[in-house]
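Using the hints provided, position chain B with the ligand relative to the given structure of chain A.
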Amino acid sequence: MKIAPSTEQLALDQALSEFLEEEVASLVRRMAYRSPYSGTEDNREVRAMVHQALVDLGVPRLPLPAAAGGTGRGQEDLVVVAEQLGAVLYQGLLPDTLTAAELLARCGEAPLDLLRRIGEGTTVALAVRSDAPGGTTTAVPAPLTVDRARGTLTGTRAFVPFAEEADHLLVLGTDTDGKLHAALADPRARGLSRRLHEELGRGELYALDFTDTPVTAWLDLGEDPAALWRATLDGARVRHAAQLTGVSRGALRLSVERARERRQFGRPIGHQQALALRLAELAARVDAVGLVVRAAAWEADRPDTVGAETVRLSAAQALAMAAQTARRTATEAMQIHGAYGMTENSDAQLFYRRAAVESLWLGSPAELRGEVASLLRARIAARPRPVVL
Amino acid sequence: MELRDTPEDRAFRDEICALLCQEEVRAEVAAVRARRGGEPGLLDVYRRLGERGYLAVNWPKEYGGLGGTLQQKTIVTEELIGHGVPDIVHTLSIDIVGLALLMYGTDDQKERLLPRIARGEGAASILFSEPGVGSDLAALETRAERDGDGWRLRGRKVYSMKSHLADFALCAARTGESDVKYHGITLFVVPLKTPGVLVDPLWNLGDERFGDITLAGVRVTADDIVGEVDGGWEVINHVLGLERTGVEFEAKATRWFDVLLRHAADTGLLEHPVHGPRLVELEGWVRAARLLSWRSVGELAEGRSDEVHNAMAKLLTSEVSKEVAHTALDLTGLPGVLDRHDGRAALHGIGEAAYREAAGLTLASGTSEVMLALIASTGLGLLA
Ligand SMILES: Cc1cc2nc3c(=O)[nH]c(=O)nc-3n(C[C@H](O)[C@H](O)[C@H](O)COP(=O)(O)OP(=O)(O)OC[C@H]3O[C@@H](n4cnc5c(N)ncnc54)[C@H](O)[C@@H]3O)c2cc1C
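Protein sequence lines, in the order shown, are assigned to chains A and B. Sequential numbering from 1 applies to the first sequence in my numbering. Sequential numbering from 1001 applies to the second sequence in my numbering.
Chain A on its own, in the form it takes in the complex (with noise of 0.2 Å):
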């Protein structure tokens, strides 16, 4: 692996930030914010914009094979733009549609007519968490009852993201007898109820029920649904750590930007060691998780080199990392901008907000590290020497 990034990486990186240039920036940080008191807005239009915007840079074109007119890119590129897209604090269906995305590449006889329209965007919202104990981590997706012969399924989901607006929802499901069955459906289908959830992020999350709803079509997991799930949401998680990697470097810009403009006895407050040093060592953080996640991207890319287990352990480790990381520097940045940080007008208090919500994503970091504590003996054998005593 490189440290330094590609030519590839870095002009998608320079395409994205010319992109995501102030006026934009401000946009999208607040464009799934629902506050109760700026009137009821919506901006669904602003996400659609922005979505058309991301299909224009090419980026859901990114990971899809060449038969689906895609460039077949790995988690290496993905995670540049999931880092620019955290540092705005994006939210929205990209990351659900990439893993979507994904997931249909992998299964027998690939949609491949599915995958061009996402290429040209078409959104896709997951549907696969409960908010059982240990069933936000997704490793084991939720319960749900299959009805094949009848073309149906049955059962709740929770935190589904944005699933009033997107064209698609892909469930996934642990039936009664164990085995993981997958469904695209309908998001305005029959028997589909959903409900906003009322929460810290003030977003777009949806409780679903689904009863004996239709689906539009079952997906062939292939031999192995368990382990192609698996592997699918190593690749999500990956770049879920390089989001909130990004949503620390969001947070701590700002709070750089307002330890130099706020001046209390005289001076500005970043001239206060104590705020300045603190500052300093967020920033080495944030720079060494952004290299551990993309270290975990570089594997994510490679699993028949380095061995699937190694892919999962590495991408629970830089999520676990990145979302730690992400929700200090969230609460360092409402720290250093004081009262201030806590009003409606101020950005700190969205990053304190989106850096709880998303460092619980995937699974909260215990979770995710108790999830994989066993496969870190194997990295021991991975050492390039013995160790000796």
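The set of hints was computed from the structure by calculation and includes no laboratory data. Keep in mind that the hints are not guaranteed to be accurate.
Label-pair distances were calculated between CB atoms; the ranges are [unchecked claim]:
1. LYS179(A) with ASP1266(B): 25 to 33 Å
2. ALA284(A) with THR1106(B): 55 to 63 Å
3. GLU1015(B) with ARG253(A): 52 to 60 Å
4. PRO268(A) with GLU1141(B): 17 to 25 Å
5. ASN1237(B) with LEU277(A): 24 to 32 Å
6. THR1006(B) with LEU277(A): 43 to 51 Å
7. LYS179(A) with ASP1200(B): 58 to 66 Å
8. GLU309(A) with ASP1136(B): 50 to 58 Å
9. ASP1200(B) with GLU257(A): 22 to 30 Å
10. ARG1004(B) with PRO303(A): 52 to 60 Å
11. HIS1341(B) with PRO143(A): 25 to 33 Å
Over the 12 Å line for every Cβ pair with chain B, so calculated as not near, a few chain A residues [stated by the list, open to error]:
12. GLN9
13. ASN43
14. ALA53
15. VAL55
16. ASP56
17. GLY178
18. ASP186
19. TRP218
20. GLU281
Glycine included, each C-beta is placed from N, C-alpha and C at the ideal position.
Then chain B with the ligand, alone, in the frame of chain A:
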């Protein structure tokens, strides 16, 4: 200093607890929690405590208290918070503004202002912070301009809690110019429900709004001065210092921790390899923070309040509260971000609210950095 309640304190605690467990009180607390938008003001439970003299139990009888001890007052705060009763009105009115008036107010001011708050029928707020003035309070810019035998106040105050429903506020303003910024500050008691004062909401992360207050020439007189003209800084410093026992913060840490512990015990998470030891560690710090608070309360009661001890108490009680809130999220996962209005919220949304409130605890009543600087300089003789 007592490491546990004395038998008398225990009996007092039981009595307060019984009162707060009454059905009417529980129903009121539940109604406040269920309400959207509005925020708790003068609750009926305050009046219940007030009519028995418990709300300001340590104040003299003539001002609505029972002449009780500071420990008893601490117990009231702990029990209010422990029972999930919103406490900000109580803390502001009794612990800060009330204390300042008791110590520095004139007899007339005490008679005029204290009994109503002690009975839970009135509230007081604080107008210190300004847009450009937070940690460096002595740099405040609100002016008190001479007007005959009185003054007119002009300026803008921010982040003030409960000013939209309080009767009066303690306001710091500049009466004189001086090269030394600590001189020339005067503390006034200012009526809030008058045309010279505009109170706008400043919505924030918490459940309870900040006030954005414009002082548009409201008139005050010598009768409204707390302490000496130009001598407000001493009062502010003294009162803020005394108030920093951190009791409301340790009570919050304890309350949140107990809710979390109950959840962990009920769900088996206490046996979890990561969460179990974390909760044990946290329990130790919650107790430690509480003991720091009680040390400060004990010293204050004996008239030998220690600035450094108080700073330690304020620092750790608020920082530990924050840790409890973060741990609650880690333990509950995504259901922990659902708020109390969402039927599926973990911990009935108490963890979610704690996370939002926690951000302010290390800022209000002296930031963690200011506490650290105090411990380092006065306590350790560093930074000189
Ligand atoms: C929940 C809450 C309730 C409040 N209620 C009231 C109220 O009722 N009435 C009222 O008047 N005010 C109220 N305040 C305001 C409160 O008094 C201020 O938040 C506090 O004085 C700090 O000022 P600031 O927030 O402007 O932060 P700033 O002073 O801008 O400080 C920003 C950051 O810089 C740090 N910093 C500043 N100076 C130094 C230094 N010399 N060395 C190291 N670090 C430094 C601070 O610690 C902080 O982390 C409330 C605040 C909160 C959060």
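For each hint, the structure was consulted:
no., hint, verdict
1, LYS179(A) with ASP1266(B): 25 to 33 Å, "32 Å, holds"
2, ALA284(A) with THR1106(B): 55 to 63 Å, "56 Å, holds"
3, GLU1015(B) with ARG253(A): 52 to 60 Å, "53 Å, holds"
4, PRO268(A) with GLU1141(B): 17 to 25 Å, "19 Å, holds"
5, ASN1237(B) with LEU277(A): 24 to 32 Å, "28 Å, holds"
6, THR1006(B) with LEU277(A): 43 to 51 Å, "45 Å, holds"
7, LYS179(A) with ASP1200(B): 58 to 66 Å, "59 Å, holds"
8, GLU309(A) with ASP1136(B): 50 to 58 Å, "55 Å, holds"
9, ASP1200(B) with GLU257(A): 22 to 30 Å, "26 Å, holds"
10, ARG1004(B) with PRO303(A): 52 to 60 Å, "59 Å, holds"
11, HIS1341(B) with PRO143(A): 25 to 33 Å, "27 Å, holds"
12, GLN9, "31 Å, holds"
13, ASN43, "18 Å, holds"
14, ALA53, "28 Å, holds"
15, VAL55, "29 Å, holds"
16, ASP56, "32 Å, holds"
17, GLY178, "23 Å, holds"
18, ASP186, "25 Å, holds"
19, TRP218, "27 Å, holds"
20, GLU281, "15 Å, holds"
Going down the numbered hints, you'll see the structure goes against none, and every one checks out.
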